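**Q** What follows is each chain in one-letter form.
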Amino acid sequence: MAAESSSLAIASARTARQKQLVLIVSRVWAWVFLALLIAFFTASVFSTSGGSVNFLTLRNSQNILMAITPVLLMGLGQTFVIIAAGIDLSVGWVMGLASVISALVIADLVAQGMAETPAIVLGFVIGVIAAAIPGFINGVIIAKLRIPSFIVTLGMSFIARGISLLLSGGNVVIGQPPGVRAFGNESLLYLISGEGGGLYFLQRPNVTGEALQRLDRILPWPVVVTAIVVAIALFVLHKTQFGRHTYAIGGNREAALRAGVPVDRHIIMLYTLSGITCGIAGILHTARFNGGSSIAGDPLMLPSIAAVIIGGVSMFGGHGSVAGTVIGALIIAVLTTGLVMLNVQPFWQFIVVGIVVILAVLIDQARDLIIGRMESQG
Amino acid sequence: MSKRFLLTLILGLVALSIVPFAATAQMEKPKIGFLPGVVDPFYQVMEIGVNEAVADFGLEVVTQYPQTWGPSVQTPILEAMIARGDLDYLITAPTDKEQMIAPLQSAVDAGIKVITVDTFLGDGDYVNGPVTFPLSYIGSDNVEGGRIAARALAEVLGGKGKVYVQNTNVGVSTTEQRGQGFIEGISEFPEMELVGMDYNLDDANTAVEQTAAKLQAVPDLAGIFGVNVFSAYGAGNAVKAAGLEGKVQVIAFDATKDAIQNLRDGVVSLVIAQKPHDMGYLAVAFAMADWRGVTSIPKHVTTGYAVIDINNVDDPEVARFIYQVPGQ
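Those protein sequence lines, which keep their order, are chains A and B.
For reference, each letter of the first sequence is one residue, going 1 to 378 in our numbering.
For reference, each letter of the second sequence is one residue, going 1 to 328 in our numbering.
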């Protein structure tokens with residue numbers, strides 16, 4: 001009798017340990033995958049180039065951060081929406097809409113004689129508001145009329161596409177003052193490595209020729225803006241009632257309603273939020289490329305959803321984190337950059353991303369299955 | 001198993017990183033990067049030209065194709081190519097004449113000399129224009145190409161009828177100029193009327209849809225000009241699907257195999273071939289010349305056209321301009 005109960009205790013302790021292990025693996029695998037990916041590219045890029053090319057450089061780290069900004073911004077809004085068991089397919093063209101409108105407003109205000117800085121600030125604010133509007137409309141239709149988010153946002157994607165093409169005449173909106181390009185291409189810090197170099201804050205050192213080649217931009221402004229948005233999203237999702245309500249709605253809408261969560265209002269806010277993050281991505285495109293483009297976001301929509309899924313956000317709602325989405329976006333950007341540096345056709349990127357997306361969901365399901373089985377046995 | 005797996009992996013990575021030193025030999029020749037606008041037969045033929053020149057000069061080239069057209073896709077690839085740190089020249093087709101200025105300027109800042117092929121930055125005048133940093137612009141005279149298309153279409157239509165243009169994106173230097181040249185050319189014929197120009201965003205399916213819709217909307221449409229590979233493909237195949245071969249004349253820009261097949265089938269009456277092979281070869285030759293200290297490299301070279309119709313399509317002197325991509 002005594003032996004039997006002690007073996008039971010050992011078994012249950014083992015189950016608890018296994019359960020913990022499963023939870024840890026499901027939480028950290030994406031980090032480990034990212035680390036392995038970086039290690040792989042560092043070694044293989046170095047060796048295939050005969051030592052002349054380095055993957056792990058300051059410049060490349062900043063490239064990767066710049067490359068993820070639009071995908072990550074779209075993914076952040078999407079993270080909230082998907083955790084609440086919805087989806088926003090309008091992100092790509094809403095980003096384009098914000099890019100076009102901000103560029104139009106800035107060009108117009110400057111042409112009318114407004115000073116550069118207020119014109120740019122106003123243009124960017126109006127661009128973000130212009131992106132929040134389709135998000136708000138998405139939210140109202142989804143919450144109040146109970147039409148599936150997939151359909152509403154798909155429709156909105158076409159509407160935003162049409163409006164931005166109409167407003168821009170299909171053209172890239174040019175005529176931007178120099179401050180726009182500076183904001184999109186200059187940075188918080190500058191480093192000139194080697195002889196006669198140094199670290200410069202805010203002000204780009206006025207160098208030419210060979211010294212210019214050694215100039216690295218550290219934390220470009222679009223990366224700074226994105227980091228601030230990530231910090232806000234982290235706080236809102238994980239530390240506030242707004243975040244808890246988002247999980248509650250995704251977990252069980254009826255239960256959330258009964259618990260007193262203002263579900264309709266919350267859903268409207270979530271889609272508006274998604275519009276706002278796309279709007280920020282749009283104005284950053286205008287700044288980076290010195291012009292407004294309606295097609296800016298379309299090729300980035302699917303990668304942004306992939307980033308969210310790789311990051312462990314469940315398409316059924318209720319699960320996910322901001323950090324996960326950041327990792328997901330980083331994995332995609334590291335793949336793109338690494339494959340280019342390896343001089344492998346970048347089309348391989350799609351295959352690898354596809355495998356990782358499916359793997360991410362498999363790991364989530366395996367976790368639930370294993371833990372469910374353990375609990376029913378215990 | 002995880003420890004053993006990790007150990008194997010680390011050993012593998014270490015081994016990988018040691019191998020190269022045996023093979024390293026610093027050479028005194030430039031390294032070339034080639035970054036086209038998008039994957040299509042036009043740029044693939046250009047790549048053949050690039051590769052031939054690279055082989056002739058004994059150089060190395062790094063080629064990377066964006067999967068879709070546009071600065072959002074081309075720029076991250078460009079940034080990664082700059083970050084390699086080992087390229088001396090970049091041969092590229094900018095996907096937007098304004099938006100790609102800042103990203104390509106950063107390549108120049110990093111010490112890479114830029115040659116634009118097919119498309120250009122600013123207004124394409126690298127001497128007096130708003131953008132002067134590229135070494136050279138090698139491409140077709142696209143306004144002239146549009147005019148050639150308009151005159152050819154006028155000729156087959158007897159100088160009258162309604163015509164339509166399938167274009168790609170506004171803001172793309174080359175196709176914008178072809179459209180402009182076509183409008184200029186058509187205006188020389190008072191009895192010809194332009195009934196519309198649609199933008200398919202360089203997507204063949206969209207081009208088919210838009211053309212099919214136009215054929216419905218304008219039943220007496222007489223001619224269509226497709227300004228590039230995908231546009232001409234869409235225009236030709238929509239006409240074929242509607243059973244209007246011979247009734248609606250199509251002028252195809254870019255001599256893809258598909259365009260030539262449509263020419264043989266009577267769907268396309270004229271194919272205007274650019275010379276992407278010349279562009280690719282010349283760009284590498286210019287890079288090599290610059291490397292050797294040649295200072296009189298032309299800032300702008302136009303590579304000309306070959307006009308292909310059913311009568312000369314089998315003439316080897318003309319047929320060599322058809323875009324032949326191995327394995328297709």
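Fair warning: there could be bad hints in the mix.
Stated by the list, open to error - Simulated DEER-style distance windows between Cβ atoms: (1) B:E52 - A:L362: 38 to 48 Å; (2) A:W31 - B:L194: 51 to 61 Å; (3) A:A211 - B:G58: 41 to 51 Å; (4) B:Q67 - A:G162: 54 to 64 Å; (5) A:V224 - B:P298: 19 to 29 Å; (6) A:D108 - B:D123: 29 to 39 Å; (7) A:S52 - B:N128: 52 to 62 Å.
Calculated from the structure, these hints are not laboratory results.
Computed from a prediction, not measured in an experiment: that's the story for all the values here.
The beta-carbon is built from N, C-alpha and C at its ideal position, and this holds for glycine as well.
**Q** Taking each numbered hint in turn, which are not upheld by the structure, reported in ascending numerical order?
**A** Checked against the structure, the hints that fail are numbers 3, 4, 5, 6, 7, while the rest are satisfied.
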